[in-house]
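Undergrad: We have chain A already, so just place chain B on it with the hints.
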Amino acid sequence: MVDNFRNSIIADKAQAMINGSVSGENGVTLTEVPFLAQVNIRGNADDKKFVAGVKKVTGLKVPTDPNTYVTKGDLTVFWLGPNEWQLVGAVDAQADLIAKLREALDGLHVAIIDVSGNRTALDLSGAQARNVMKKSCRLDMDPQSFSVGQAVQTRVEKAPVLLQMLNDQPTYRMFVRPSFAEYLVDWLLDAMGEYHHSS
Amino acid sequence: MTEQFRTTQGSRVDRSKAINFTFNGKNYKGVEGDTLASALIANGVHLVGRSFKTHRPRGILTCGSEEPNAIIQLETGPRSEPNLRATQVELYEGLSAKSVNCWPSVNFDIAAVNAIAGRIFVAGFYYKTFMKPSSLWMTVWEPAIRRMAGLGVLPREKDPDTYDHMNEFCEVMVVGSGPAGLSAALAAGRTGARVVLCDEHPEFGGTLLNTKEIIDGKPAQEWVKTAVAELEAMDNVRLLKRANAFGYYDHNYITVHERRTDHFGPGAKPELTRQRIWHFRSKQVVLATGSHERPLVFADNDRPGTMLAAAGQTYANRYGALPGRRGVVFTNNDSAYSVAIDLVDAGMDIPTVVDLREVVDGDLPNTARKKGIEVITGSGIVATLGRKRVKGVEIATVSSDGSQVTGTKRKIDCDTILSSGGWSPAVHLFSQSIGKLRYDEEKVCFVPNVSSQNERTVGACKGSFDLQSALDEGAAAGAAAAKDTGFGKGKAPASPKALVVEEKPIKAYWVVPTDHPVGQGKRKHFVDFQHDVTAADIMLAAREGMHSVEHMKRYTTTGMATDQGKLSNVNGLAILSSQLEKAIPKVGTTTFRPPYTPVNFGALAGRGINGDLADPVRRTPMYSWHLENGATFEPVGQWQRAWYYPKAGEDMHAAVTRETAALRDGVGILDASTLGKIDIQGKDAAKFLNLIYTNAWLKLPVGMCRYGFMLKEDGMVFDDGVTSRLGENHFHMTTTTGGAAGVLDWLEEYLQTEWPDLEVYCTSVTEEWSTLSIGGPKARQLLEELAPDMDFSNENFPFMAWRDGVVAGVDARVFRISFTGDLSYEINVRNWHGLHLWKKCMELGEKYDITPYGTETMHVLRAEKGFVIVGQETDGTQTPQDLGMDWIVAKKKGDFVGRRSFIREDTARADRKQLVGLMTDNPKEVLTEGAQLTYERVNPTPAPMVGHVTSSYWSPNLDHSIAMALVKDGHNRMGQWIYAHDRGKVTKVKIVSPVFYDPKGERRDG
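From first to last, the protein sequence lines are chains A and B. Numbering-wise, the first sequence is residues 1 to 199 according to the working numbering. Numbering-wise, the second sequence is residues 200 to 1205 according to the working numbering.
Just chain A, same shape as in the assembly (with noise of 0.2 Å):
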């Protein structure tokens, strides 16, 4: 079905975030990615059940390293706590993740949330995002400290983000809460505007 009700709350930042971002190799970009499916489970990794379960409908067993995450083909699966993960998918999968999940793990001790709409996801990517994150970010943003598999929860300046290494040109990609996304926005824009001039 497709979903034409639907709006980003930052819709009306679309045309500024194409204006801020900074084309060529050493730029940086800013795009919102709406709409992703995304699905919070609880439930115990020591239950061999509970892991089954997840990995028959996801391909992926939950990472029980903290600030990891998990992918395989459009499904990742990021860890948030000691019996807490986050699933997240291609748009528009929710409802089947969900129903699939609460069937794979039907009478055990978890709980299978919707969280689609609980937050919208920001990708900053390009030379100069990493730059960008320093700027906005109390923890070490270089390889070293946090490369592709990584993944914090965290302020980016004053808003509370899901913060994730998804690839190495690098790009951040923050899930944040939709309330906070305008001012998420119009930070990092701002952070990103010496780039502007100096490519």
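I should point out that these hints are in silico values taken from the structure, not numbers from a laboratory. This list has only true hints and no planted wrong ones.
The list that follows gives simulated cross-link-like pairs (lysine-lysine, DSS-like), each with its CA atoms no further than 27 Å apart: (1) B/440 x B/682; (2) A/49 x B/886; (3) B/1184 x B/1167; (4) A/13 x B/1039; (5) B/882 x A/55; (6) B/882 x A/49; (7) B/570 x B/706; (8) B/635 x B/682; (9) A/48 x B/882; (10) B/1167 x B/911; (11) B/570 x B/411; (12) B/482 x A/158; (13) A/100 x B/882; (14) B/1092 x B/911; (15) A/100 x A/61; (16) A/158 x B/357; (17) A/100 x A/48; (18) A/61 x B/882; (19) B/1038 x A/13; (20) A/72 x A/48; (21) A/56 x B/882.
Between beta-carbon pairs, the in silico distance windows are: (22) A/142 x B/987: 55 to 61 Å; (23) B/685 x A/18: 41 to 47 Å; (24) A/18 x B/911: 45 to 51 Å; (25) A/12 x B/901: 36 to 42 Å; (26) B/1003 x A/81: 27 to 33 Å; (27) A/81 x B/913: 25 to 31 Å; (28) A/12 x B/1205: 35 to 41 Å; (29) A/81 x B/415: 54 to 60 Å; (30) A/33 x B/463: 37 to 43 Å; (31) A/18 x B/276: 34 to 40 Å; (32) A/81 x B/808: 32 to 38 Å; (33) B/633 x A/18: 47 to 53 Å.
Cβ atoms here follow ideal geometry from the backbone N, Cα and C, with glycine treated the same way.
TA: Using the frame of chain A, we list chain B on its own:
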């Protein structure tokens, strides 16, 4: 003007590139590479300021950030900046600066009359003079002193520049880029570790740029060039010039203030932030911060033309600017002889070096002698001549213990005095890191002793003043620091060979005597130049009982000026120790605190100060609609909620009147998305709610909702909200907007610490849902149109029930709950459908004249019904019983959080402050929220306060003002008249039930 003092030398300036600038209204020329100070010196300008208290003429004393005298105001207008050190300001075309603390001009300063009256400005002057009568302190003395003690002036305009912050992590951070710092950075950088090298100067090289040292048989500056080139080629090394490391905190957290564009001139690089604060977190730190030369404390040692010896050397060698024509060098150590030699080579006449030591036979003094410089030993400068510029000195032999002049005076004409009292390692950052210092008797200075963080100190900062030691220690520390972070093997690369001339020991000599005992007669021995603290002041402070160095500092204000005592600290405490006849280590030193040099507030604030970047504005999905439709907004935490929607010509009162009428007679729509929402599931979910809420939850049927109170352990109301049973083991909880995060933490804390046996998961879903509240008698009609497949009849969708369905074409969950008292539905749709649903409601509701309403109308409507708002009617000291809500506390269900506290004497007593309604005698009078209440109109003092107004509104539906209040024993006083007080105004009010409207609840079904 021509640069009469510019030589053909000067290794770091480009004489072919002239730069025009203005100082105190006069035009001058400098050259590229100059600082403002070096350009002034090249033009023969030494008189650059007036001292803080006595307004004595002062000249350029140093060549760095320790400068106490050459404090200037740079530029005018919004970019004007006060209290900069001319020794650090890089010259740019068109620069305009003026002296501070002088009026009308530096040459003729009216307040210099203070210098004549200088005798009264003794230690503790402020304390002694302005204490009585104490009533005058705030009104007369303090403002007057502030005017007199003016440094520069802050611009009143908004700062047009921007500033930002950067967070950086590294393995090895090296502070200072002299020989030790460069060596350390090279050694660490070669291991591949992330290395940062920062320096407050515009060029790397430290003192090697000021002197004529030799490394590997070549000028040291060639080695600097090679080293910097190698570092620049390393991807793993970040080099920061013009970057002052100003704070060293726990966990090797170091803050750096980088001046990015100042050297281009004001506004020249609008695309860049002007300055940047770097937050470095480094696994290992190497401090190579060098040392400061100490001035000697001698009679009238503040005449313009008096300069630190090494500063004179720097101006000549680095900038090609001679400090004067004829100078006398005054020293207690060998280092000043290299100054004398370099200055003679630069073309200055240095007839004499006056040395306090009796035996002077080092290599450097002997070289000086060979150049024809007279070395006078066992002697001191006992007087200086001149006022706005040194004209000469009087020298004489002095006793070895500093007590008296022993010989006859001899006069030497000169325009410059170059003094060296030895060197103090710049231990500021080391001390900030809580490193412990040790006093080195031989080197006559404090040196780092015990590190308290992962830090190494090298070179002059460690008291290793010779070049070879600096190079060796730097390389060793850099390699070892890198190894400690897992890079390299820790073996220092071989250092280059420095040409080292051995120096003979320094002689500690703290106050040079003059013809009168210190403090008597007219001559002044300055210790702290900027604050006009003299040796006599410190001696007086000691006599008056200020025996602690911290007391002495505050009593005399030594080290409390903008230079933070970089020059005066050691001299001051040495004088104190000699007065107390205690060894210097026993007296100790004062605490070093950040910042090392002043930092702009703008830089500290960064970008997070302007408009939307200052703090997140949290917006609901319908925010854009509210904005476009003229809503005013109210901050609720970080949220901006629509407050009311004024139509053209309406004020708040008119808008709220219109909105409330719609809710009682038609249909209104509210954006309630900000309410906290928590998904609760697990086989023990109902049991958990039973423990958390005061009322009973086990038997709530699926499909139904219930209102609940949460208490803290003390029995006081903490949060409230409606929770719905979605399934046997699944609930949807709502919380207050402001309480959402705190409630989730609270639930998690209890689950993790008190009841880990319960199988329950709680997850925040606040922003998963957009929430629209549609209320009023016509709400059902609208809902039926919005969701034709759903049954909204009272029978099938009763009050306090919820139903899933499709509303306006999207999946929705509809709750029949009411915060207005009228028929009301709360529709939850996924966040991204919120705007669509809102617009659809407005479209279909147009025929019913659907009215968007904001938080103000919501507050009025709920107050008419006597519904409390947690946080407005409550402040953490109200029980449910206090609020008249005894019914919500289950008597038989067993334990819940807070229950035990109900038997506490104070919680159980009958006359607690209780929630009541208040009606004013005059229906039009609206009480002030927060107004205090008394039982009687006239009261004794202090008046017995019996409560306060918590909410107060004009109620259009009742055509009467209404108020809620907490009143002592209020429940037993229904119908009684009491008095509300608002800043002198007394209003008679009647205690009534807080339910003003529809007390039987007949309107909720529509």
